[in-house]
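> Chain by chain, the residues:
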Amino acid sequence: MSLALDIFTVSAVSAGAFFFLAGTVGLLRFPDALTRLHALTKVDNLGLGLVVLGLLPQANGPFSALKLVSIWLLVQLSGAIVTQLIAGAIRPRGPHR
Amino acid sequence: MASFLFGAAGFVLTMVALGLVVILQRPAEVDHMMAAQLLGTGGVAILLLLATATETPPVVDVALLLALFAAFAAVAFVRSASDRQGEISKATSGR
Numbered sequence: 099m100s101l102a103l104d105i106f107t108v109s110a111v112s113a114g115a116f117f118f119l120a121g122t123v124g125l126l127r128f129p130d131a132l133t134r135l136h137a138l139t140k141v142d143n144l145g146l147g148l149v150v151l152g153l154l155p156q157a158n159g160p161f162s163a164l165k166l167v168s169i170w171l172l173v174q175l176s177g178a179i180v181t182q183l184i185a186g187a188i189r190p191r192g193p194h195r
Numbered sequence: 446m447a448s449f450l451f452g453a454a455g456f457v458l459t460m461v462a463l464g465l466v467v468i469l470q471r472p473a474e475v476d477h478m479m480a481a482q483l484l485g486t487g488g489v490a491i492l493l494l495l496a497t498a499t500e501t502p503p504v505v506d507v508a509l510l511l512a513l514f515a516a517f518a519a520v521a522f523v524r525s526a527s528d529r530q531g532e533i534s535k536a537t538s539g540r
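Sequence order for the protein chains is A and B. Position in the first sequence (first residue = 1) + 98 = the numbering used here. Position in the second sequence (first residue = 1) + 445 = the numbering used here.
Watch out, some of these pointers could steer you wrong.
[Claimed, not checked] Simulated crosslink set (DMTMM-like; lysine to aspartate or glutamate; CA at most 25 angstroms straight-line):
id	chain 1	residue 1	chain 2	residue 2
1	A	140	A	130
2	A	165	B	506
3	A	140	B	476
4	A	165	B	500
5	A	140	B	474
6	A	140	B	506
7	A	165	A	104
Hints listed in this document are in silico derivations from the structure and should not be mistaken for laboratory results. In this text, all values refer to a predicted model and were calculated from it rather than measured experimentally.
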């Protein structure tokens, strides 16, 4: 059982690390600010989600697991809102042109 | 397990550092804001990995604060940017 949980942790954390790699590659390769913002926020939030998912079996007790999940939810929520705000601020003439 | 988590934290740290170096070399202000966001998300991941690897639960609180401050920083940036935009449109439209 513990071995299965460890394997789950290793694979989920590795997948999360891979998404961080993908986010950095997108940041290096994408041509303008809006696409880079996209790469940064979506991919890195997915990477963080996978890392949190992988760490859940290692948490000691349900409350620390709940805490990990709520940190991820906070980052997810603030990331989504902040991306919209930044994109709206750098887009020159508002959303409809 | 701990050494694997340390390795993963180091890998994510390398990725975040690489992204930061590249972003900060770009001239636009919004790129600098993205650097703060990247450090927010990546820093939370690194801290959570380290908290589990070293079995020091208080580090999770540090990650929580980092996430909170990244959100505050972005809101402050957007507010100052839209303030400046408001001044420009006021200056050009005369109202």
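> Each hint: holds or not?
So, going through the hints one by one against the coordinates:
| no. | hint | in the structure |
| --- | --- | --- |
| 1 | 140/A to 130/A | holds (16 angstroms) |
| 2 | 165/A to 506/B | holds (9 angstroms) |
| 3 | 140/A to 476/B | holds (16 angstroms) |
| 4 | 165/A to 500/B | holds (15 angstroms) |
| 5 | 140/A to 474/B | holds (21 angstroms) |
| 6 | 140/A to 506/B | holds (24 angstroms) |
| 7 | 165/A to 104/A | holds (20 angstroms) |
In this structure, none of the earlier numbered hints is contradicted; all agree with it.
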